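Protein chains: 2
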Amino acid sequence: MSDKQKIKVLVVDDEPDIVEILKYNLQKEGYEVATAEDGIKAVKVASKFTPDVILLDIMMPGQDGVETCLQIRQIPELKNAFVIFLTARMEEYSEVAAFDVGADDYITKPIKPRALMSRIAALFRRESKKEQEQIQIKIKDLTIDRGSYTIDKSGKTITLPKKEFELLYFLAKNPNMVFSRDELLQNIWGADVFVLARTVDVHIRKVREKIGEDYITTVKGVGYKFDLG
Amino acid sequence: MSDKQKIKVLVVDDEPDIVEILKYNLQKEGYEVATAEDGIKAVKVASKFTPDVILLDIMMPGQDGVETCLQIRQIPELKNAFVIFLTARMEEYSEVAAFDVGADDYITKPIKPRALMSRIAALFRRESKKEQEQIQIKIKDLTIDRGSYTIDKSGKTITLPKKEFELLYFLAKNPNMVFSRDELLQNIWGADVFVLARTVDVHIRKVREKIGEDYITTVKGVGYKFDLG
DNA sequence: AGGCTAGGTTAAGTTATGGTTAAGGCAGCT
DNA sequence: AGCTGCCTTAACCATAACTTAACCTAGCCT
Chain Z
1 MSDKQKIKVL VVDDEPDIVE ILKYNLQKEG YEVATAEDGI KAVKVASKFT
51 PDVILLDIMM PGQDGVETCL QIRQIPELKN AFVIFLTARM EEYSEVAAFD
101 VGADDYITKP IKPRALMSRI AALFRRESKK EQEQIQIKIK DLTIDRGSYT
151 IDKSGKTITL PKKEFELLYF LAKNPNMVFS RDELLQNIWG ADVFVLARTV
201 DVHIRKVREK IGEDYITTVK GVGYKFDLG
Chain G
1 MSDKQKIKVL VVDDEPDIVE ILKYNLQKEG YEVATAEDGI KAVKVASKFT
51 PDVILLDIMM PGQDGVETCL QIRQIPELKN AFVIFLTARM EEYSEVAAFD
101 VGADDYITKP IKPRALMSRI AALFRRESKK EQEQIQIKIK DLTIDRGSYT
151 IDKSGKTITL PKKEFELLYF LAKNPNMVFS RDELLQNIWG ADVFVLARTV
201 DVHIRKVREK IGEDYITTVK GVGYKFDLG
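Read top to bottom, the protein sequences are chains Z and G.
Reminder that position 70 of the first sequence reads as 70 in this note's numbering, one-by-one numbering, no gaps.
Reminder that position 157 of the second sequence reads as 157 in this note's numbering, one-by-one numbering, no gaps.
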C-alpha cells in the first residue's frame, strides 16, 4: 500500500555503480533517496536529511562503516533510524562489530535488489495485524466485516470489491455524517489520486444495487451519508 | 521492558563469538544471562540456573542440541522453560527433530539480534503455551491434518506438498479472514524469505486444483480467504 | 411551462488484477 | 548420473473492477 509520507533512505557507498543501482531500485519502490560516497559525508548528509533507513557500506576508504555508524548514532534525530550494513564477505568479525554498534541488519554483496527491498519493507511491517482499526461494524441490519470484506444482511453474505467496500465501510463508520464527493475521494482513494468526483456516484450506485437503497442517502448539493433512523 | 523479576536466559553455543554477541544483546535488554559452551555443560548449568529461556545451538561438537534438549526436559524445574534452537541452515530434519523434542521456536543463523529479542519477548506475550498449533482442523467437508499433511474430503484422502498444505492450513485456521499475498508470504514462507508475491497465486491454483474451487475465494485487490457460508 | 441544476443510470473504454500454463532450477532419491 | 516432484518465476490471457462520458430524470427557479 502506498504511504502518504515517503520513507527516506540514505545510501552510503564509495562505489558509484552500487549507489546508482540501489538508488534506482529504491526510487522505483517509492522511497526518497539521498546518497553519500564516504563516511564523513554520510554523517553530514544524514544530519540534514534525517533518513529513516541508512544503507551503509562497511568497507570504505577513509572512515569505515562501523565508525560512521557510531557517529550517526550520536545524532539524537537518528537514534531510531534503521541501519543496514552492506558487506563484501560474510566476515564474522564484521558481523559482531556491526551489531555492537547498533546495526539492525546486514546484507552481503553482491546485493540482490529484490531481497534488499523486501528487507527494508520488513523493517516497517507491523508486528501483528491485531492492532488494526475496528474490524466489524454493526449498523441497522448490516454487519460490515473488514476482515472478510463482506456485508452480512440478515443471513445473506455479500462480498464487495475493494472500492465499493471501503466506500460503504467509511460511510458506516461515520453514520449520519455527510461527506462531499471530494471528501470521500480524499479518504478512500487517497490524497494523491486524481479521479473525477462523479466516479463516486457510480460506486454509490453499485453499493446500493447490492445491499439495497435504504442505507446510503443523498444530500443534494452536499454529498452522501449513511442514514440511520 | 519493565520486569518485576528478571527473565533468565541460558545461551548454549560452541562459538564464543556467537555467545558473546547474544549475551551482550540480551543483557542490554535487561535479561539475566548464563552461558555454556557445549551440551554437557549446558545441562549442568541449566539445573542450577533454572533459566526461563534456553537458546540452544543444534550443531555442537560432542552432544548436539537435540539430545541436550531431551536431557534438559527431564529436569522437573525446566519443564516449562522455553527452548529456542539456533540452526545454521534451514535443514528440514533439524526442524522436525527440534519440535519433536519440545522446542518452542527456532532461529536460523546468521542471527539478527533485534529479531531474536522480539521473538523472546513474544514467547512471554503468549497467554499460555496451550495455544499450540491445532493438529486437526475440520471445516466444511474437509479435515485438514497437520501431522500427515493430508486433507480428508468426504472419504478421499489428498496429500499436499508442504507449501500448498501450509497455505491451506493457514487460511483454514483463520476462516473468512482475508490475507494479502504479502501477509501470506510472511506467515507461511517466513519473514526472511524473499519470493515474489505472485508465487502465492500459483500455490492457490494448485490447492484449488486438488481440493476443489469451493474453499478459497479471491477478494480482488485485497487477497485470499477461506470461505465459509 | 421552459430552462437550469444535481444526481441517477447506463454503457463503453481502460486498467489492474488474478488465472493459467509452462519452463527452469534445485533437492532428494534410486 | 538420471529421474522425480516441488518451488519459483515469467509470460500471456481473461475479465472484474474502475473510470469516464453521455444521456436521462426530477425538482426547483423565474
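Derived from the structure by calculation, the hints contain no laboratory data.
All values reported here derive from a predicted model rather than from experimental measurement.
Hints should not be assumed to be uniformly reliable.
As the list claims (entries may be wrong) - Selected chain G positions facing chain Z (in silico; Cβ < 8 Å):
hint : residue
1    : LYS112
2    : MET177
3    : PHE194
Said to hold, decoys possible - Derived Cβ-Cβ restraints for the label pairs, each shown as a range:
hint : chain 1 : residue 1 : chain 2 : residue 2 : range
4    : G       : PRO16     : Z       : GLN27     : 20 to 28 Å
5    : Z       : PRO113    : G       : ASP14     : 57 to 65 Å
6    : Z       : ASP192    : G       : ASP214    : 26 to 34 Å
7    : G       : GLY147    : Z       : VAL178    : 36 to 44 Å
8    : Z       : ASN174    : G       : LEU228    : 23 to 31 Å
We put the CB at the ideal spot given by N, CA and C, even for glycine.
Verification of the hints:
1. LYS112: 6 Å, holds
2. MET177: 5 Å, holds
3. PHE194: 4 Å, holds
4. G:PRO16 <-> Z:GLN27: 20 to 28 Å: 43 Å, violated
5. Z:PRO113 <-> G:ASP14: 57 to 65 Å: 36 Å, violated
6. Z:ASP192 <-> G:ASP214: 26 to 34 Å: 39 Å, violated
7. G:GLY147 <-> Z:VAL178: 36 to 44 Å: 56 Å, violated
8. Z:ASN174 <-> G:LEU228: 23 to 31 Å: 29 Å, holds
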